[in-house]
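From first to last, the protein sequence lines are chains W and Y. According to numbering that gives the first Met the number 0, the first sequence is numbered sequentially starting from 0. According to numbering that gives the first Met the number 0, the second sequence is numbered sequentially starting from 0.
Note that these hints are calculated values from the structure, not bench results. Certain hints may be false.
Claimed, not checked - Computed list of lysine to aspartate or glutamate pairs in EDC-like fashion (alpha-carbon distance at most 16 Å, straight line):
hint : chain 1 : residue 1 : chain 2 : residue 2
1    : Y       : 115       : W       : 3
2    : Y       : 139       : W       : 31
3    : Y       : 115       : Y       : 78
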Amino acid sequence: MTLELSHFTAAVLFSVFASVVFGITQRSTSRDQIRYGLYCFVLFVGGVFVAGWVMWILRH
Amino acid sequence: MANSSKSTPVEAQNTAVPASPSMSVIAPAVAWLIPGAGHLIQKRWIRGLLIMASITIMFILGLLMQGRVYQPNGGDILDILGFVGDVGAGGLYIVTRVQGWGHGAIAHATADYGTKFLIVAGLLNFICAADAYHIAIGKKP
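Chain W with its partners taken away, still in its complex shape:
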């Protein structure tokens, strides 16, 4: 069985799992863990969009 994800789907899945682990391990209280996990997720996905636009600008 082979899984062929699009670049964006792979990046979002990566962001979800990494953010969950970062949130749990880098903060102590439940509230802070959720907030930090969401913060990491937004930065990951935001970074994908920024990198995408930078590559588009370089290409054109």
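Assemble the complex: chain W is given as a structure, and chain Y must be docked to it using the hints.
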């Protein structure tokens, strides 16, 4: 003065209780071998299950994307670093090698993502093992 020794609920929640000394060795070892188990044996059920699900799914997705599984005798320095990342997944990596799953070379573009998923799953598990250790020594609640 009588109230000075009482802690508020928030303070009580943030106070970490050190476990037994043997737990500081067992927890990170178990956490490395089975992702999330280091938290589960210390009764951090939700954290443990979330870590277990995240790292295991990430590793399996890497395998399904035909990511490269690095060998210990890669020779090249980047191969050695890739192996260090992969081996962080502990039992998942051991089972993968024993069963002969994974690929030795990247065949297409998505497989490169798979390789990164495998490596990062292992590196995240190292962080979780360190976190399990911090809980065991009482540094973290």
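Do the hints match the structure? See the list:
About 14 Å separates the Cα atoms of residue 115 (chain Y) and residue 3 (chain W), which keeps this hinted pair within 16 Å; it holds. As the CA atoms of residue 139 (chain Y) and residue 31 (chain W) are separated by approximately 13 Å, the hinted pair is consistent with the 16 Å bound. A distance of roughly 13 Å separates the Cα atoms of residue 115 (chain Y) and residue 78 (chain Y); the hinted pair therefore holds under the 16 Å criterion.
Every hint from the earlier list agrees with this structure, and none is contradicted.
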